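As given, the protein sequences belong to chains X and A, one line each in that order. Using numbering that gives the first Met the number 0, you'd call the opening residue of the first sequence number 0 and step up by one each time. Using numbering that gives the first Met the number 0, you'd call the opening residue of the second sequence number 0 and step up by one each time.
Derived from the structure by calculation, the hints contain no laboratory data. A quick note: this is a predicted structure, and the numbers were derived from the prediction, not measured. We put the CB at the ideal spot given by N, CA and C, even for glycine. Any given hint might turn out to be false.
As the list claims (entries may be wrong) - In silico contact screen, one side only, chain X against chain A (beta carbon under 10 angstroms); selected entries:
#1 Leu-72
#2 Gln-123
#3 Met-138
#4 Tyr-197
#5 Asp-269
#6 Ile-328
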Amino acid sequence: MLQQISNFFSKNRNFIPLMSTAVLALAAYGIGAYFFVGMRNPQVFFNLFRNSSFLLISGIGMTFVILTGGIDLSVSGVVALTTVASAVLLREGWNPWSVILLMLAMGMTLGAIMGSFIVYLKVQPFIATLAGMWFARGMCFFISDNVVAIDDHIFQILGKTKILIPGLTELAALQGNPAPYISIPVIVAFTLLIVVIYVAHYTRFGRTVYAIGGNEGRNEQSARLMGLPVNRTKMLVYTFNGFCSALAGLSFSLFVASGHGLYASGFELDVIASVVIGGTMLSGGSGYVFGTFFGVLVLAVTQALIQFIGTLSSWWTKIVIGILTLIFIGVQTILANRKSGRQGTQTTQELLVVRRKRQRLALGLGTIVVLAVVAILSASQFGWFSFAETPAAAQCVIKPFREEEAASLIKDGAVIVYNRTAGPLCVDELFAIYPDGRVLGNDGVNKVEKQVDPAEVEQNLAKIVGEYKWFTGAIYGEYLTPCRQCFAHYVSISYEGQEKIVSQVDGTASMPLGYTLTLAVIRSMLPEINPAP
Amino acid sequence: MKKSAIPSFAWKNITESRLFFPLVALSLILLFDFIFIPGFFAIENREGNLHGSLIDIFRNGSTVMLLAIGMTLVIATGGVDLSVGATMAIAASMAGILMNPSALKNEVFFVTDPYYTFQPLWVVIVAALIVALICGLWNVVLVAYMRIQPMVATLILMISGRGIAQLITNGLRVQITYRPYAFLGQGWIVLPFSLYIVAIVLTITWIMTRKTAIGMFIESVGINFRSSFFSGIDEKKIKLLVYTFCGFCAGIAGLVASSNVRTSDANNIGLTTELDAILAVVIGGTSMSGGRFSLLASIVGALVMQAITQSMYAIGVPAFALQAIKAVVVIFVILLFSEQVRGFARGLTAQKKEV
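Chain A extracted, bound-state conformation (with noise of 0.2 angstroms):
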């Protein structure tokens, strides 16, 4: 008895890590690109610099996972914040004003130098996550402060913020021609400059969470904040942290698609990837109501969820017919994950062995 339960407790370790499943999704998603995409997977080195598919899942990837790694956090605390996606184009807009406030004139004029800008590219970052970290701000003090549940209380600002975003940029889609800008989505240092920013958004947000105290205060306000309350854990304060930090991901995210695409669309930065990223939290295996949480399993989500587009993008689906494929693949995920099919299964495993 003894001896068999030492391999099965190994194999279990694995099964019940938080990046397996995600992975295996991942992987598999993977090895359909390998069997049915030829040259997937090739990777092109043009002048020191990595190209190719797989790197472009990276790459486009990137603002996807810098919102899952706010969204984890917030997720934990049982909440969720619709806004991200209103809180990116707000960045976008503020950011593509500072460079060029031609819009404000309500003219459109094409810049030629691509090394004019209106501001220095420091006052255009730091402005544009200020702005965001307000909208953070605003949220955490209809979460936390007025006691609004907090599905409600981002919609408000989902609602109103791609409004607000119109407000800044006097409703035009700002053209964006400073060349230093476009380097945070399109540069490459041997990988896409994109990639680095998540990088250090991750480690710090790792460390700040996992060798500080803040990851098991986040956890314990996300499990039962009432006994967190009584261990003399304060539960505002954790979400004033947790949804600010989650508003500035999102202007950074918000900072890196509008110079990708060298445009702040206020109608279009940002549109629909709320829902991605709480997916791609879901994906990774974070309950909706809170607790424990893994931010890399996060990061592995978004990954899934961007390696299923990309793939599809390589079959030849049409962009917005992909959302029908997204949507049966995200069932699937989460049926999963569900408490029911996983019982239903571990069911059937007893069974087994009771034969």
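Chain X on its own, in the form it takes in the complex (with noise of 0.2 angstroms):
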């Protein structure tokens, strides 16, 4: 039996790494369905797929320009550049569809001329796409300083539209849930997904693909005399590249309905962190398209854990992904490390050598661990500082959204009603806004009142129904828990007879864009509640 096992384990030694991450993530999302309520939401899981769909694609392109033993760290350059060139397009009142053909047209001559520096000119990988990243970024910056919005009609229905999964909404229904549903970005990137897939592995161009890469640049010298078409694919590797990184910003201003010159800073980690997460060898050659489907769901799961545990900040998302991206090239140097050393024939003696050697190095790296930990830990906590107590807000319980006040503030003729909660200061505070201009406010101790112009009132009103589509799909309402330093929004708006009540947590990339601003003309009119020292 075991001798099966152990047989089995050393046939399909390529996948251990695959199915490692797959294992990971399912079991990481099981912990995070058994501890907490929300998760077991069908929406919340279908949201990894609508908050990665851009990691999704651009992991892709990056998943082959890692096989051929190469690295592209332009894409959040070009994903940035894409969302500031279609969003300034669109105002200008350009075609949306040839918007979105002219951006991939530009990703892929980006990606190309970066292509031909490293074939061509044999400009190291690294650099030649670091000064890619750094050109399209700076010019975001001559394009628009600004947050530009995108409010052309044909790009929200593509970014708005809700794909419903056929059977699972009878489900939703019978648990009270609203029906789960997914975007079309992720339908986008599923089609890409299937389509690498195909062509890594059942074409010509696949098999070059791992031909070249691998063995410290060795096998690409061995593709060449192969008569391989090294150049040819290289090229074609960066260009596909350049293709889905503007398509990935394409599904970023999808999300986020506007284009900056910032956005998706530091998203060439992720990416490359959720390819080798998914099992591809750094150095090429060996790796497969879909396991970076799993390290994009590795990622996503993680982000979303850290959400819902809610305790801890946000920053405990790059801890965790660098230590899984540690422990992944890890496993990979293991695994790479027997199969060089099963070739070489090794005496007793040398692998007892081997074996001491061994010991040592986990002796120092467990020593290091330790006081790196020692360190970090007597610094933020103890030890040194005495009189640094426990964080206040650690200690900070986020309290419920008071909705039968509201409800009742609203039954006596308030026409906007907000409560907001948590934040870094732990705060809990319920405005009121009556159509004559008063506003109330009260954080359960301090009480403030304040007089704005009623035609100020109505004017907002008219502007949060009418522009930002108040009681229209386009504002929904998605109420997770709140992370230690975000705030959480409780809006109750009773306007001309109608009445909704909407609840969004900041930080949460589907917060839709409306409710944001909705949220910034309410705040323009609210007094300011002094917190106690």
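Starting from two chains that each stand alone, build the complex the way the hints lay out.
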């Protein structure tokens, strides 16, 4: 039995990283669903895809680049450039379809230029694509300094269309949840994934890609000697990655409905990490596009878990992703070493030496990790700062929305009721705005009152309902537990006989733009409640 | 034949020198400044201290120069360290939190007394540098002992380093009000104080690599680690030295950078400086595949990067758009160094000689 299992593993050694990633992703989600009731909501599961469709698209292109033994750092720059350029072109009144085609062509051109530098001028991929990233990011600010909103009709349709999952709608209705859905970029990402899996494993081009990468660049030479079209393939790979970056940029701009040059900073690291976690060797030649899918899933689940845990700050995401990358790179290195070790013959004495060295290495590594952990813990928690007590906000208990109080205020004649909780100072503020311009606010302890111009209230309400489409499906509620730093908002608006309540959490990318703008309008009318010192 | 050979030999000596290309690049940029920006070379004397755009290039370039010193040695062994920016942020956070630990209580209070500090200056500096050394050690364990590609291994700290830095400062930007600390980046003794720090680090490194055998060991590891192993050089120990030293340099750079802006901002200190440092080394003529290196050329390379930045600011290019121009310059410089273009140029001159 054991023999069979070990045989099975050694036969499918190439699949080990991929399988472990898949298991990790599912296990992490399972653990999350066990501890947090909110995570069992099928919509949360589909949000994983909705929030990371651009990561998946970009990861697919990056997998090819890494398989050839190269790297592309320019993706984040191209993504930002795409968002800015498409937003500005749409503002100028271009046809949205031609904008999309133009953006894809732009991405491919940038990719092809970087590829030709790498292939024909032998510039290191790292440096050539780095310059590409700087160039793209710089160009963003030549085009526009500010955030440019996208309010084109077709882009809205592409970004906001909800695609219901057949069969799940009824199931969700039974549990009393709204019907779970995905968005169009998710469909695009999956289509691309399927096409690319076919290309990678069943075409001549795909096999050439695998032949080029690996073995510290020595395979490239063998591929060349075999007569494979190395230069052409590498050019194609970088061009394809440019295409993927532009496509990711388009789906990103659908997602945030705006464009800015600082969007997606550090995105290339996420992409590379998800490719590595998906089991692709960074030296190239080994890995699967399908693995990247699971790598993206691991990242998305990590993010969701940290959001759900709430007390952990968002920067833990970075640390966890770093640790996961380390583990996967370590596993790959061990596997690769074993492979090469098997080919050479080793005497027992050599093996003993190796084992002793490994023990010493493990000891050293352990010591360093322990030292680092102790240093950081002692720096941030105890010891050196005797007077630094537990951070106050760690004791912050996030209060539930005061829904009954809000309902009674609406009954009382208020047009807008706004309840805000959590945030860096752990607040719990409730405001009511009346049509006669009276604004009341309290945080449970202090009360404030302010008078604004009734015309302003009317004007803002018209803006919220008309321009930001409050009573339409464009504004939807999706309440998740807030993280410690971000606010949770509860807005109830009653206007011309209609009434709607929407609650959202800051920091979730699924927050609709209209909601953000509505909050900004409401906040402009609110008085300050001095928080108790 | 012999007569003509002597002057051409001397000319060749100059052009083949490692300092030649970076110096030409630097002087081209300064020439550009001289023509297009009036008053770029003006140096003022304020209370015995020298101020001016030219001095600013040196002062603002000091962090990149410090990083370039460490990076040169790492690249000479055939590796690369992408984590220096994150290490800078970690060191700066450590220093900031030791001087003003209010962030741990999740409150930002403003210290009015400019001589208030929670820990004495030497503790602050030593602790920050020790943390930076640990970062370097971490890298070397992955690179030398676990045999992970340097770019990949240091990428891990690059990804998670800023998270660690934010963990130290509890996610807040720590204001630095302690005046003696601010002297590191903002003080002047005739020349900016940070320049003296650069000079000291450079001198120590130069003595270490050029007056002892270490420099040669580093080069031999970079050229062929296998043959250097057979000649009795312990590659791992050399890498241990080089990467920890790079971490140490990044730590100093982090201290200088944070004292310069008087905040330790885990998100922004040292952002993308790892790229500046690597490019400085590449402009300085050290090959990315390892081998011969020149510390002085890297310093000049760092000055080239800073001079580009400074003169673009002087012309009025917005800070973010500057990246596009930098990218074009970098590609141009790298093409100058690429074997293809050099071979092409050599081919041209050779043909002329034949004709």
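Any hints from earlier that this structure breaks? Give me their numbers in increasing order, please. 4
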